[in-house]
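Got chain A; can you put chain B on it based on the hints?
These are the residues of each chain, in order.
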Amino acid sequence: MNKAPESFPEFDIPVTVAEEFTGNVTPLLHEIRHAVQALLAEGETTTIDMRSMPLAPGEETRIETLLGEGEIRVELNALGRSDIIETRFPGVWLITHRNTEDVILGKHIQISFIPDILKAQQRDIEAGLEQLSSELQTEPVNDSGEKP
Amino acid sequence: MTQIKLPRHHDQETVGEALRRQGISRRGFLKFCATTASLMALPPAMIPRIAEALENARRPAVIWLSFQECTGCTESLTRSHAPTLEGLIFDAISLDYHHTLQAAAGEAAEAAREESMKENHGNYVLVVDGSIPLGNPGYSTIAGISNVDMLKEAAEGAAAIIAVGSCAAFGGLPQADPNPTGAVSVADIITDKPIINVPGCPPIPVVITGVLAHFLTFGGLPELDELGRPMAFYGQSIHDRCYRRPFYDKGQFAETFDDEGAKKGWCLYKLGCKGPTTYNACAVTKWNDGTSFPIEAGHPCLGCSEPNFWDAGGFYEALSTPTEKIARTAVYAAAAGAAVGVAAGALNAASKKRAISQHQTTTLDDLTPEAK
Chain A
1 MNKAPESFPE FDIPVTVAEE FTGNVTPLLH EIRHAVQALL AEGETTTIDM
51 RSMPLAPGEE TRIETLLGEG EIRVELNALG RSDIIETRFP GVWLITHRNT
101 EDVILGKHIQ ISFIPDILKA QQRDIEAGLE QLSSELQTEP VNDSGEKP
Chain B
149 MTQIKLPRHH DQETVGEALR RQGISRRGFL KFCATTASLM ALPPAMIPRI
199 AEALENARRP AVIWLSFQEC TGCTESLTRS HAPTLEGLIF DAISLDYHHT
249 LQAAAGEAAE AAREESMKEN HGNYVLVVDG SIPLGNPGYS TIAGISNVDM
299 LKEAAEGAAA IIAVGSCAAF GGLPQADPNP TGAVSVADII TDKPIINVPG
349 CPPIPVVITG VLAHFLTFGG LPELDELGRP MAFYGQSIHD RCYRRPFYDK
399 GQFAETFDDE GAKKGWCLYK LGCKGPTTYN ACAVTKWNDG TSFPIEAGHP
449 CLGCSEPNFW DAGGFYEALS TPTEKIARTA VYAAAAGAAV GVAAGALNAA
499 SKKRAISQHQ TTTLDDLTPE AK
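Protein chains in written order, with my numbering: chain A, 1 to 148; chain B, 149 to 520.
Careful: at least some of the hints might be erroneous.
[What the hints assert, rightly or not] Restraint-style ranges between C-beta atoms, simulated for each label pair:
hint, chain 1, residue 1, chain 2, residue 2, range
1, B, THR248, A, ARG123, 52 to 62 Å
2, B, LEU249, A, THR100, 13 to 23 Å
3, B, ALA251, A, VAL25, 47 to 57 Å
[Said to hold, decoys possible] Listing some non-contacts, in silico: residues in chain A with all C-beta distances to chain B over 10 Å:
hint, residue
4, THR26
5, LEU29
6, VAL36
7, GLN37
8, ALA41
9, GLU42
10, GLU69
11, GLU86
12, ILE114
13, LEU129
14, LEU132
15, GLU135
Everything labelled a hint here was simulated from the structure, so no lab data went into it. Glycine is no exception: its CB is placed at the ideal position from the N, C-alpha and C atoms.
Bound conformation, chain A alone (with noise of 0.2 Å):
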């Protein structure tokens, strides 16, 4: 096997824009500041899909460091990890949703006081005081905390 050289400056082509961007960045941040205007006014919430519109390689990146991050960050772990990241601006919520093998699956901004998703669902919660009832029932504790 050819020994392979240690640079290959004439392979060297970038497929990515030096410059120029799609145009698109700027009317999503205005259309963020038309949502949270809305969810003032009216309490409403919305929520754009970032795949649903056309980026350059590295406008994706640009978008959320303009949004920057705020206060609060959660990892949900529900079929693979997500990231619900409040951005400096609040009710702009920063979405990751990914699989059990950390792949981006989508990415959402959602304007809202507080993610849909974060929310506890009526199902889970029932489930779960079944779960705590029938600990109880099976393995009593005493009032230290200790199983008699």
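Frame of chain A, contents of chain B only:
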């Protein structure tokens, strides 16, 4: 949306029940619905409706027939890293026959197909990949049954047919001139059943599962274009959704694969990109778990989701070639921006027709424009 009866296994659990049985919480289910909405190119506002519909949807029986094909469509679907959303969708259907994926072989496999067709008559979804040879039945048979006979038999009891890949949808590579096997598409044979064409060579995996998810969720055919393709995925051209479109509008084109324009990521129109006349979701959905798509990797779109793309001229010839028209078009591009798309489309229609009749071939020279 055309409403048809949703294929159902009445004795089977709902999708919601199946996911709960796998220990998936309600939050997990909502996450599943959110990513399914994205998968089906539906607005996020539809997520609650999807959740409600999926909760109660029952698993449809699916029979998958592979005819004159390369198995690339199945590869596309199964090469994703598991477990994926596609995997979950497949957990939510009952794949009763797929001769590449099923464990059974020979007579047992055919018996499974016949049993499913009998039990679910009128209700199952038939998925077909590959074209059907009409020249000589012996060109492609399964268990001694010709493709055309097997298709007719399976289609008779199907609620709907999904033609996966350009071969099943339009005849594909087997139909390329001189079409030695007499290959035709599913729609050339079956005319009395709803057919959804999901072309591509191969199609994007999430587009295949997105169509299945639509069945599961809404129990009907999605809105289709004039070629029978779901509008959600094929409603816009690659060009319209391409992140390099601003360069096209400014008349900034790569002239070769290694010039300054190529390095700056300029438009690949002059290197043969078929994006302006190709309708597919590659520019937004992308490939390899959303990593990239051909144009992002620096290669022109081949137009693989369009009929006759294999006979429509050189892959590396601009839509407006042959002849001197490319120079004129490039000037128009610089001067008039997007308006050139109209001119290019008209030129392309003529050049495609000419190329098909002349059966042009692609050579190494196509990669080096200066050699022309």
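**Report entry** 10 Å cut-off, C-beta based - GLU69(A) kept clear of every residue in chain B
**Finding:** 21 Å, holds
Report task. Could you check that no beta carbon of chain B comes within 10 Å of the beta carbon of GLU42(A)? Result -> Non-interface label on GLU42(A) holds, nearest chain B Cβ at 15 Å vs cutoff 10 Å.
**Report entry** Beyond 10 Å from each Cβ of chain B, as asserted for ILE114(A)
**Finding:** Holds, since 13 Å exceeds 10 Å.
Requested in this report: Determine whether the non-interface label on LEU29(A) survives the test: each CB of chain B must be over 10 Å from its CB.
Outcome: 18 Å, holds
Report task. Indicate whether the distance between the beta carbons of LEU249(B) and THR100(A) respects the range 13 to 23 Å. Result -> 21 Å, holds
Query raised in the report: Holds or violated: is the Cβ of LEU132(A) farther than 10 Å from all Cβ atoms of chain B?
Result: 16 Å, holds
**Report entry** Beyond 10 Å from every chain B Cβ - status for VAL36(A)
**Finding:** 16 Å, holds
Query - Given as non-interface: LEU129(A), partner chain B, CB spacing beyond 10 Å - result: It holds; LEU129(A) is separated from chain B by about 14 Å at its closest Cβ, greater than 10 Å.
Query raised in the report: Regarding the assertion that GLU135(A) does not contact chain B, is the least Cβ-Cβ distance greater than 10 Å?
Result: 17 Å, holds
Report task. Take the C-beta atom of ALA251(B) and the C-beta atom of VAL25(A), compute their distance, and say whether it sits inside 47 to 57 Å. Result -> With Cβ atoms ~50 Å apart, the hint holds.
Query raised in the report: Range hint 52 to 62 Å: satisfied by the CB atoms of THR248(B) and ARG123(A)?
Result: 38 Å, violated
Query - Claimed clearance of chain B by GLN37(A), with the beta carbon kept past 10 Å - result: Holds, because the least Cβ-Cβ distance between GLN37(A) and chain B comes to about 18 Å, which exceeds 10 Å.
Of the hints listed earlier, the one the structure fails to meet is number 1.
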